[in-house]
Amino acid sequence: MNNAAPDEELMNRYRDGDARAFEALYTRHKGPLYRYLLRQCGTAALAEELFQDVWFKLIRARERYEARAKFTTWLYTLAHHRLIDHYRRARTGVPISYNDDPDEPLIEQVADLEAREPDNELDRRRLGQRLLAQIAALPEAQREAFLLREESGLSLEEIAKVTGVNAETAKSRLRYALTKLRQGLTKD
Amino acid sequence: MTTHKPTDTQHDDPLPGDAEMVRLYRAAAKDVPPAELDAKILVEAQHAAAKPKARGPFGGHWAIPLSTAAVIVLSVGVVLLLSQQGALNHRDEITPLLSEAPPQSPARSAPTAPLAPSEPALPAAKAPAKAKPVLSETAQGVAASPAALSAAAEAKKTERTMTAPAAAPMLRERMAEERVNTTRDDFRTQGKLAKEAIGMGVTADVIAVQVSGEPGAYQFSVGIRSRDLGCAQYADWWEVVSKDGKLLYRRVLLHSHVDEQPFTRSGGPVPIQPDTVVWVRAHMNTVGYGGIAFMGSPKTGFIQAMPGAGFAADLAKQTPLPNGCDF
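Chains A and B, in that order, are what the protein sequence lines are. Position one of the first sequence corresponds to residue 1 (my numbering), numbered consecutively onward. Position one of the second sequence corresponds to residue 1001 (my numbering), numbered consecutively onward.
I should point out that these hints are in silico values taken from the structure, not numbers from a laboratory. Predicted, not measured: the structure shown is a model, and the values here were computed from it. Hints should not be assumed to be uniformly reliable.
What the hints assert, rightly or not - Anything over 12 Å on all C-beta distances counts as not near chain A; from chain B, calculated:
1. ALA1028
2. GLN1210
3. LEU1229
4. THR1300
5. GLN1318
Claimed, not checked - Result set (BS3-like, lysine-lysine): computed pairs, CA atoms no more than 30 Å apart in a straight line:
6. A/LYS70 / A/LYS30
7. B/LYS1040 / A/LYS30
8. A/LYS30 / B/LYS1030
9. A/LYS57 / A/LYS171
10. A/LYS171 / A/LYS30
11. A/LYS57 / B/LYS1040
12. B/LYS1051 / A/LYS57
13. B/LYS1051 / A/LYS30
14. B/LYS1317 / B/LYS1246
15. A/LYS161 / A/LYS57
16. B/LYS1246 / B/LYS1299
17. A/LYS171 / B/LYS1030
18. A/LYS70 / A/LYS57
19. B/LYS1243 / B/LYS1317
20. A/LYS161 / A/LYS30
21. A/LYS70 / A/LYS161
22. B/LYS1051 / A/LYS70
23. A/LYS30 / A/LYS57
24. B/LYS1040 / A/LYS70
25. B/LYS1299 / B/LYS1040
26. A/LYS57 / B/LYS1030
27. A/LYS70 / A/LYS171
28. B/LYS1030 / A/LYS70
29. B/LYS1030 / A/LYS161
30. B/LYS1040 / B/LYS1030
31. A/LYS161 / A/LYS171
32. B/LYS1051 / B/LYS1040
33. B/LYS1299 / B/LYS1243
As the list claims (entries may be wrong) - Residues of chain A clear of chain B, computed beta-carbon distances all greater than 10 Å:
34. TYR34
35. ASP53
36. ALA69
37. TRP74
38. HIS80
39. HIS86
40. PRO95
Quick reminder that beta carbons are idealized off the backbone N, C-alpha and C, glycines included.
Okay, chain B solo, but in the shape it has when bound (with noise of 0.2 Å):
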C-alpha cells in the first residue's frame, strides 16, 4: 500500500491513492470536445462580450433590480404619455398587420430632460417623469449618463415589448370600444387557422449537412430550425436514414432549443461509404416526422429534399429514443 502522493498541489489531503494510477489516467485520458464545438462556445462569448454591459455605477448585485425597476418606470411612463397625446387611439401604433396608414407617433418626438447618473432605483411613484426622456434621448443618439445607457437598453427592448405584448391588453381594450372593424379579426383567425392546418412551423426541418470523418465512420454535423417551446414542443432527435428505410444513426437531443434557433448539433459514427446515398432528417416529438430533409452522399454532399409520404415512418419507434428532456 502506497501512501497518497499528490500530482498537483492542489491534493492537499492525505487519502490513499497511487500516483502511477494518476499517471495511468492522465495518459489514457485525452478526451477534448470537437472543435467545431469550441468555436460556436467561443463565437457565443465574443458576442456575449460586445454586447453592452447592464454595470454601472448600480452593477453587480444592484443590476437586475435597476433594469427592472427601469422596465417598471419606463412602461408606466410610455403608457401615460401615450394615453395623454392621444396615442392609444391609432391602433396602429400596434397592428400594422390592419395595413391603414400610420400616423405620427407622439412619444418619439416628446421633449428631452437629463436623467440623472444618481437617480434612485425603486421610487416607481416618480417614473412617469422619468421615464419619457431615457426613451427620447436614445432614440436622438443624445449622451447620456452610464445609469441612463443601462436604462436605454432596457428602453429599447421596452419599445419594442410596448409595441406588442405589454401594451396589447390596452389597446385591445381601446380597440374594442372603437369597434374595430370585424372582418379583420376573422382575417387573422383564417389565417391563424389555415398556418396550423398545413403545419406551417411545427416541423423539424434540416437547414444543413456537413460531413467529415473516414469511410465507414462518418460524422455528421446537421443543422436543424424547430419551433421549440419547451418539452412540450421541441425536435428530439436527428438521423440518417438509408434509402431503404433503415436507420443508420440516429443523435437524440437532450433537451429543446427554445432560445438558439436554428441549432447545430453533431454526432456519428455514420457507418456508411463515401458513394452511399442517406437521407438526413429531423424529429420533433409532437408531430413527428415530416419536416424538410437533405439527401446525398459524403462523396456528392447533400441537397434539401423532401421523402415522400410515410417514407420509413415506423423508424420513430425504434430505439435510441429520448430518455426524458431536460428542459
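Next comes chain A alone, as it looks inside the complex (with noise of 0.2 Å):
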C-alpha cells in the first residue's frame, strides 16, 4: 500500500475493495475532522457521534465515489451537513451566525502576534489554551471557516463549496474569525 498515495486515489482504491486504503485514508484525515466536529459541537460526546456517523456515511457512499472533486472537499461536505442537520433537529436550531453576516465593525488593526512571540513553553501552552478558549468563543459560522482552512487545508473556493455560500462571505467570515482570534490574544 502506497500511503503516499492522493486521497482520491485511495478512495478509488477502496471503492474498489481495497480496504487498506480506508485505513490508509482514515489515519490521514481522523483527526481533522475530529477536531473539527469537536468544536463545532462542544463536547467529546456529540464529536465522536458525528464523527462515526460521517465515516459510517462515506463507507456507505463509496460505491458512487467518482474522483470528480477533491476527496477533502467530500468529505467536509459530509461532515458539514451532518452537522446542521444536527443543528437543525436540536431544539435551539441553526445558529444565528449561519444566515447572518458579520454585524460588527471589524477592527483590522490589531498588533502583531509575532512581536509578542512567547518567551518560553509555558507562556506557549498558556496562549494555546487561549487560543482554543477564542475559538470556542467565536459565532459558529466563523468558527468553521477557520477550522476548515487550519484542519482540512481547504481553500477559499472549497470552504464556499462545503459550506455551500459564496466565496465573499466565506472570505468575510474567516476574515472575522481571524481578526477576532487575534484580538483575543493581543489583550493583556
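Assemble the dimeric complex from its two separately framed chains, guided by the hints.
So this is what it looks like as C-alpha cells:
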C-alpha cells in the first residue's frame, strides 16, 4: 500500500474493495475531522457520534464516489451537512451566525502577534489554551471557516463550496474569525 | 499587522493571518478520536469492502437503477412462476408459524437459462422470462455473468422479501380464499398482545459495560440493545447512578440506532473511585427506564442486574436531557 498516494486514489481503491486504502485515508483525516466536529459541537460525546456518522455515511456511499472533486471537499461536505442536520433537529436550531453576515465593525489594526511571541514553553502552552478558548467563543459560522482552513487545508473556494455559500461570504467569515482571534490573544 | 503566511501550500488566499497563531493552534489542538471508535469505523469499512460490489458493466450511476430494475424483474417473475405452478396454494411458504409440513417449493426447481451480460436494465415487460434463471442460478451455484452476479445479490434479497413483506398481501388474499383456520389468527393476535403487555422489546437494555481510565475520572463504554424505530421510539441516553439513586453521569444519544443494533457508546469522565458500586442503565424515550441494567465497580467489574421497580425514576427529569433527536 502506497500511503503517500493522493486521497482520491485511495478512495478509488477503497471503492473497488481495498480496505487498506480506507485505513490510510482514515488515518490521514481522522484527527482534523474529529477536531473540526469537536470544536463545532463542543463536547467529545457529541463529536464522536457525529464523527462516526460521517465515516459510516462515507463508507455506505463509497460505490457512488467518483473523483470529480477533491476528496477533502467531499468529506467535509458530508461533515458540514451532518453538523447542520444536527443543529436543525436540536431545539436550539441552526445557529444564527449561519444566516447573518458579521455585523460588528472589524478592527483590522491589531498588534502583531509575532511581535509578542511567547518567551518559553509555559507561555506558549498558556497562549495555546487561550487561543482554543477564543476559538470556542467565535460564532459558529466563523469558527467553521477557521477550522476548515486550519484543519482540512481547504482553500476559500473550497470552504465556500463545503458550506454552501459564495466565496465572498466565506472570506468574510474567515477574516472576522482571524481578526477576533488576534484581538483576543493580544489583549492583556 | 502581518500579512498572511500560508502554512500549507493549499492556503493560497491572501487573507490576514498569523503564522504564529497557526503554530499555536496546531500545538494546542491535538485531540483525536478514541481508539475504540477508530477500531469500530475500520471494522465497518472492512466489512463493507468485503461485501460483493454492486458495480459492474452497469456500475456507477447505473448501479441503483439497474438493481431496482433487477428487483422488479425478479419479483414479477417469481410471483408469476409461483402462480403458474400453484405455489401460492401452499401458505406455509410464508407462514412457517402455522407449523404445517412445508411442501416442495416449485420455484427452486425451475429450469435455468443464462442471463445475457448486456441485458438492458429497464424493459420490465420482458421480465418474467429473465427473472426465473437468475434465482435458479444463484441457488445452484452456476457461474454467472457480472450483470447476473449483481442481480444475484439482489435476488438473494428478493428471495427473502418475497417470503415476507412483498408477497404477503397476495398470499394473505389467497389464504382468505382458502379460509385459513381462524384459530391460528387468534393465536397470533394473542401472542402479539402478550408481547406488548409485558413490554418485551420496548425497553433499552444494557448488554455490556467496560471501564477504563483513572480513579475519579473513569471512561465507560456501554453496549445497548433497544428496539429503535426512529425518533418516535429510541434509546435516548445511558447513565451511571450511585447505589442511593444519585445521577453521576449521563450520556445523551443524539439519534436513534435503527440500523446499528446493538450499539456501543462511550462517555465520561465518571467521578467515582475503584470500589464505588454503581448502576449503569439505559433510558427509552417512550417507556423510560425498566430495561436490563448492570451493576458493579471499576475494581470488580460489572454484571447484569435488575434494579428495583421505580429505582431513581425521578432522574428522568434531571438534566442533561436530549435536545431533540437527529433521526
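| said: Check whether the Cα positions of A/LYS30 and A/LYS57 lie no farther apart than 30 Å. | reply: holds, 14 Å
| query | Is it correct that the beta-carbon of A/PRO95 has no partner in chain B closer than or equal to 10 Å? | reply | holds, 13 Å
| query | Given the hinted pair A/LYS70 and A/LYS57, is their alpha-carbon gap at most 30 Å? | reply | Roughly 17 Å separates the two Cα atoms, so the pair holds.
| query | Within a Cα-Cα threshold of 30 Å, do B/LYS1051 and A/LYS70 meet the stated pairing? | reply | holds, 26 Å
| task | Would you mind confirming whether the straight-line C-alpha gap from B/LYS1051 to B/LYS1040 stays at or under 30 Å? | result | holds, 17 Å
| field | Restraint status (C-alpha distance of B/LYS1040 to B/LYS1030 at most 30 Å) | value | holds, 21 Å
| message | Check whether the Cα positions of A/LYS171 and A/LYS30 lie no farther apart than 30 Å. | response | holds, 26 Å
| said: Beyond 10 Å on every Cβ pair: is that true for A/ALA69 relative to chain B? | reply: At roughly 14 Å from the nearest Cβ of chain B, A/ALA69 sits farther out than 10 Å, so the non-interface label holds.
| query | Between A/LYS161 and A/LYS30, is the straight-line Cα distance small enough, at 30 Å or below? | reply | Holds, because 21 Å separates the two Cα atoms, which is no more than 30 Å.
| task | Starting from A/LYS70, check that the Cα of A/LYS161 is at most 30 Å away, please. | result | holds, 11 Å
| query | Regarding the assertion that B/GLN1210 does not contact chain A, is the least Cβ-Cβ distance greater than 12 Å? | reply | holds, 15 Å
| request: Please confirm whether B/THR1300 is truly not at the interface, meaning its C-beta sits more than 12 Å away from all C-beta atoms of chain A. | output: holds, 26 Å
Hint violations for this structure: numbers 1, 34, 35 and 39, all remaining hints satisfied.
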